[in-house]
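So you can see what is in the structure, the chains are spelled out below.
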Amino acid sequence: MFPRARLSAAPVSPPTIRKTALNAVHRQMGAKMVDFNGWDMPVEYPASIGCGIVNEHMAVRTSVGIFDVSHMGDIRLAGPGALAAVQHISMNDASKLALNQAQYSALLYPQGTFVDDVIVHRLGEDEYLLVINAGTREKDFNWVRENTRQFDCKVEHLSDEFTQIAIQGPKAVNLLQKLTNADLSAVKFYWVTHGSLCGLKNVLMGRTGYTAEDGFEIYIPSNDETSAHVWYAILDAGKEYGVVPCGLGARNTLRLEGKLPLYGHEISDTINVWEAGLDRFCKMEKPEFIGKAELEKAREQGLKRTLIGLEMIDRGIARDGYKILDLGGNEIGYVTSGSPAPFLKKNIALAYVPPQQSEIGNIVQVEIRGQGVKAKVVPTPFYKRPKKS
Amino acid sequence: MSYPTDRKYTKEHEWITADGKIGITNHAQDSLGDIVFVELPKVGAEVTAGKTFGTVESVKAVSDLYAPASGKVTEINGALATAPEQVNKDAHGTWMVKIAITNPAELNGLLSAVDYEKFVSEEAGH
Chain A
30 MFPRARLSAA PVSPPTIRKT ALNAVHRQMG AKMVDFNGWD MPVEYPASIG
80 CGIVNEHMAV RTSVGIFDVS HMGDIRLAGP GALAAVQHIS MNDASKLALN
130 QAQYSALLYP QGTFVDDVIV HRLGEDEYLL VINAGTREKD FNWVRENTRQ
180 FDCKVEHLSD EFTQIAIQGP KAVNLLQKLT NADLSAVKFY WVTHGSLCGL
230 KNVLMGRTGY TAEDGFEIYI PSNDETSAHV WYAILDAGKE YGVVPCGLGA
280 RNTLRLEGKL PLYGHEISDT INVWEAGLDR FCKMEKPEFI GKAELEKARE
330 QGLKRTLIGL EMIDRGIARD GYKILDLGGN EIGYVTSGSP APFLKKNIAL
380 AYVPPQQSEI GNIVQVEIRG QGVKAKVVPT PFYKRPKKS
Chain B
15 MSYPTDRKYT KEHEWITADG KIGITNHAQD SLGDIVFVEL PKVGAEVTAG
65 KTFGTVESVK AVSDLYAPAS GKVTEINGAL ATAPEQVNKD AHGTWMVKIA
115 ITNPAELNGL LSAVDYEKFV SEEAGH
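Just so you know, the protein sequences line up as chains A and B, in that order.
Sequential numbering from 30 applies to the first sequence in our numbering.
Sequential numbering from 15 applies to the second sequence in our numbering.
None of these hints come from the bench; they were simulated from the model.
Output of the computed footprint for chain A on chain B, the stretches with three or more beta carbons under 8 Å from beta carbons of chain A: (1) 40 to 52; (2) 71 to 84.
Anything over 12 Å on all C-beta distances counts as not near chain A; from chain B, calculated: (3) Pro18; (4) Asp20; (5) Lys35; (6) Ala59; (7) Glu60; (8) Ala63; (9) Gln100; (10) His106; (11) Lys112; (12) Ala114; (13) Thr116; (14) Asn117; (15) Ala119; (16) Glu120; (17) Leu124; (18) Asp129.
Here are the simulated lysine-lysine pairs, DSS-like style, with alpha carbons at most 30 Å apart: (19) B:Lys132 / B:Lys103; (20) B:Lys35 / B:Lys132; (21) B:Lys103 / B:Lys56; (22) A:Lys333 / A:Lys168; (23) A:Lys417 / A:Lys207; (24) A:Lys403 / B:Lys56; (25) A:Lys413 / A:Lys217; (26) A:Lys417 / A:Lys268; (27) A:Lys413 / A:Lys207; (28) A:Lys375 / B:Lys103; (29) B:Lys65 / A:Lys403; (30) A:Lys312 / A:Lys217; (31) B:Lys56 / A:Lys405; (32) B:Lys56 / A:Lys374; (33) A:Lys375 / A:Lys333; (34) B:Lys56 / B:Lys25; (35) A:Lys403 / A:Lys333; (36) A:Lys326 / A:Lys125; (37) A:Lys374 / A:Lys403; (38) B:Lys56 / A:Lys352; (39) A:Lys268 / B:Lys103; (40) A:Lys183 / A:Lys125.
Because the structure is a prediction, the values reported are computed rather than measured.
Glycine included, C-beta positions come from ideal geometry on N, C-alpha and C.
Sequences and hints are given; from them, build the entire structure.
If you want it as structure tokens, here you go:
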């Protein structure tokens, strides 16, 4: 069972904890800090500046919010064999990427389970940037390097070179346009561009994100001064839109409403692509990629469990790791991620259950502090952003 | 902030008045963030000093509530079922449960407003 938090002050960070270039800025702004996979990160900013998880979440859904996501990792593959290397380790089809186009994908183990999920960006004729999770930086880099040795390409670990800031929400493009000469209206979702930004030249800006909203992620040099300068410039330019800084708390509730997977929860080294429901990003028509053979076998054998969305019907909040029971009280699965959803004003969860229990409308129970609390299976994503007219 | 002197406090950040009203402190609600769910015992339930009697949930976490003193629950604040955020708005003015205190002498062992304030600033490393 997961330990419950006591109402007490945050523990002092251990000396080996890692910090982004914006760490001092977050602390200066009064953010509540948390150890996230070895990183000292803001979980939410203070109520006194109009923040807190709920306000931050709502700002992203209705206007714009910004996130320091520098803890994420960056791996560049460049050279004549770069595409072949990416095709070997990534399950999606990178040959479909035009210059400046990006796609969601995953790196798989031979068993068809997840090393990590990743956004693959094509930045040059033979140049690809993989943006990966914070907690899996070293593991991913070693995996990529070990599994691409046979290809003629250079593999570089660039994670420490970038401060990465996400600007997310319906007004994100308006905000960012004030700070750059690049024509952002010409950049479609999941495409990137380069341009000047806050006096910096050739800044990579991708129309990507982890919030189920429109938005951009920008990559600037990771020195403290530059990073702080840009962060405050964004907050200043965004004043007219009511921009707020957002922490990992809102990042989680936003991605959960959009059913975006989190490594270690919906995807992991013991979960395969079919179970996680990520079929559409897995191109089995590719001649070869790591994991393909086992995925073929698994597809023939059929699903033993599948990822579903739940909405609580009775009073209670389903949380990560809680057991799922059928109406008879038998354990049938578990919650991968669960939380109140600030925009939807419901308590929602993602969970693994057997396929027989996965029909929309099916009622199950979530075990909360020893009691079964009813929840129903609902379609996902729980939230989809409105189409721009 | 100065804490009201009409009550006693615990190191678990609860408060209790002489007439048995129990709630959580302003420091607690600030640490928790937006409170979205409060789970309280039923009227008639026995609570024991130092033991959990319910939970308070923020968006991110579940926290236990510890009874400052022993007694029987005589009333619960029903408004918290639909408006848990009231605790964030006014932690010291929002009681969660009322108990009939079994042994009023138990309150003597709890922290005064001054001692609690000191405890909070020491915990924060000031």
